[in-house]
Amino acid sequence: MVRVLRQDVGTTARLLAAFVVAAVAIGVLAAGISAPAVAGLGQLTTAGDSTFMSLPSTFTVAQLTQGSRILAADGSVIATPEDTDRRLVSLGQVAPIMRQAQVAIEDSRFYTHGAIDPQGVTRAVIEDLRTGAASEGASTLTQQFVKMTLQAQALTAGKDAAAQAAVAKTLPRKLTELRYAVGLERTWSKDRILEGYLNLAYYGDGAYGVEAAARHYFGVHASALTLSEAATLAGLVQSPSTTDPVNHLKQAQARRDVVLGRMHDLGVVTTAQWQAALHRPLAKDLHVTYPPATCAASRYPYFCSFVISWLEEQPALGSTPQARHDRLFSGGLTVRTTLDPSVEREANAALRAVAPTNNSLGVAAAAYVTQPGTGDVLALGQDTAYGTKGAGDTELNYSVDTKYGGSRGFQFGSTAKAFALVTAMAQGLGTQASVDAPAADNNNPATFHPSQFPQPCGLSGDWKVYNDEAWGGGSMPLMTATAQSTNTAFVQLASQIGVCAIHQTMKAFGLHDANGGPIGTYPPQVILGAQQVSPQTLANAYAAMAAGGVLCQTRPVTSITQGSTVLLAPKPSCTRVADATAVSQATQYLEYNMTNGSGILNQLAGRPSAGKTGTADGNSQSWFVGYTPQLATAVWVGNPVNQNRAMFNVSMAGKSCTSMTGACYAAPIWRRIMDAALADQPVAPMP
1 MVRVLRQDVG TTARLLAAFV VAAVAIGVLA AGISAPAVAG LGQLTTAGDS TFMSLPSTFT
61 VAQLTQGSRI LAADGSVIAT PEDTDRRLVS LGQVAPIMRQ AQVAIEDSRF YTHGAIDPQG
121 VTRAVIEDLR TGAASEGAST LTQQFVKMTL QAQALTAGKD AAAQAAVAKT LPRKLTELRY
181 AVGLERTWSK DRILEGYLNL AYYGDGAYGV EAAARHYFGV HASALTLSEA ATLAGLVQSP
241 STTDPVNHLK QAQARRDVVL GRMHDLGVVT TAQWQAALHR PLAKDLHVTY PPATCAASRY
301 PYFCSFVISW LEEQPALGST PQARHDRLFS GGLTVRTTLD PSVEREANAA LRAVAPTNNS
361 LGVAAAAYVT QPGTGDVLAL GQDTAYGTKG AGDTELNYSV DTKYGGSRGF QFGSTAKAFA
421 LVTAMAQGLG TQASVDAPAA DNNNPATFHP SQFPQPCGLS GDWKVYNDEA WGGGSMPLMT
481 ATAQSTNTAF VQLASQIGVC AIHQTMKAFG LHDANGGPIG TYPPQVILGA QQVSPQTLAN
541 AYAAMAAGGV LCQTRPVTSI TQGSTVLLAP KPSCTRVADA TAVSQATQYL EYNMTNGSGI
601 LNQLAGRPSA GKTGTADGNS QSWFVGYTPQ LATAVWVGNP VNQNRAMFNV SMAGKSCTSM
661 TGACYAAPIW RRIMDAALAD QPVAPMP
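Okay, so the sequence shown: first residue is 1 according to the UniProt record's numbering, each after it adds one.
One or more hints might be untrue.
[Stated by the list, open to error] Capping the alpha-carbon separation at 20 Å, the derived lysine-lysine pairs in PhoX-like fashion look like this:
| hint | residue 1 | residue 2 |
| --- | --- | --- |
| 1 | Lys169 | Lys159 |
| 2 | Lys507 | Lys403 |
| 3 | Lys507 | Lys464 |
Everything labelled a hint here was simulated from the structure, so no lab data went into it.
With these hints in hand, go ahead and build the complete structure from the sequences.
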């Protein structure tokens, strides 16, 4: 036996009386309760009416949560990040038979009564008087919609107690629900309420709303549901956890048959239609699919993961990383990005043609393509498969910094020499400069001493420097030193113009470690790139040279909207970081490299360009980074796992090289990407 406190008896009686009074007030008890029963409640009606009318009637229905869409620059869908499998549709996008099935089983008189069903309330009040508990049988479709909405809004706000209260079988909850339902029907049409219900209802197995359920269970849109399919879905709402056809096929079919019988009893379907659907095995209807994981299902998974990481940094989406994530995955946002699908596809094809996925050398390749003057990310490609299941699969994005899902970066080798050139030009050396380069080759190094490099950018001991191509020593034109990438010439140049000065240029051009830390001041790091950076960082820095010394921040997104509200529309954020004349002169050195040096075999079709190879110690990592006024691309080819593994006498994709230099594999990839991306653009003068 359940004991009820005396004060609870009074409260319950008043609330119950209010329930009856409310029903009487809108004419729902015109017939049903006997006169003695009503008379017995007469002494409570005044207090009950006051209680009911004091409750709030304004019911705000918040926008339903649904996944967002990330779009490429051409409007095609890149990904649909979502925490809840829901797709909002209008009532017109739901098959009429589905609407009829849901109404038939949940509230067959929905279109003829008000917020409360007279017959249902009559039965419920009598049952409530008998048991002292709130009956669920009287709930109209409008009341159910109110209850589901209150629960959903509480869950979205993280208010678990409120969510439980929204569905508690208590008279106070029932009374509040009824009052809201009355208010809602004064402002919403029946069709609008039904549309909201169909979009909000949970249909089991992770599917929220009729469109997601139709896709999940049957592989069709809600507009294409058949009678059997519609009856199945309509029946799930009452107890989705015990009747969903994926996990409870027998129970789901039994529940479907109940719905079909109800539709036949109401005259919604003919006897022939009823019998045909009744005898159709539910298993024949099922074509179960699941919404794919966000980036794993994308055609451009690495760009997808990058842009999601970038979005989760944006304060416009929330004050904390978790708030931004929630906004992105449940806010129904439309994110328009700068990705050019044609360039992205060409980048991936070029990478895999030269460095096939899961090649025997364990070599991977990545590319980052950006637009000078805007920072727009047009493409970032990678030769690996996205994921963690197969051999060689990875979710690490080799193109970008660690904070965007990238790796720890790779030594960037002689691509660092571009910044020594800018520094030298800023100090007035000009395009006819020469440098006294010590003799060295692959086996016989030149030795540089700490006295040649003042602190704080100095050496801790002697430094032995080798040249890939032998140099006998003496004065060497800086143009030649650039074309041959003569290490001793650039180390000597750095001792003259100052390692710290070059370091400041690097910093100004946005160079940093892939993990976000600064480039070190140690001469091998500054002069010969002995530090890990990402293709993103190098591409942006070289793009600043393409823009005449103007560095632009990474901009992968052009707008973020939520409905008609613009949350963010970032403009290019660019800053002049170097003198235009100095950059123009440095560009001439890099142009010379394309026509007379390491880029000679990979010049672009019908247009000038500037670029530089880079190779780490032991040839374990290789690069080619180059630009035109319209485009800058960084390509990396190397071993991402064993970054110190020497790579000599290599053969990959039918091409053999004595060592894995930037000119061997990275440069051909760069040329193919650039030629394809620039094919329809006019030839522009170099800066």
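The hints, checked one at a time:
no.: 1; hint: Lys169 with Lys159; verdict: holds, 18 Å
no.: 2; hint: Lys507 with Lys403; verdict: holds, 19 Å
no.: 3; hint: Lys507 with Lys464; verdict: violated, 26 Å
The structure is inconsistent with hint 3 alone, although it conforms to all the rest.
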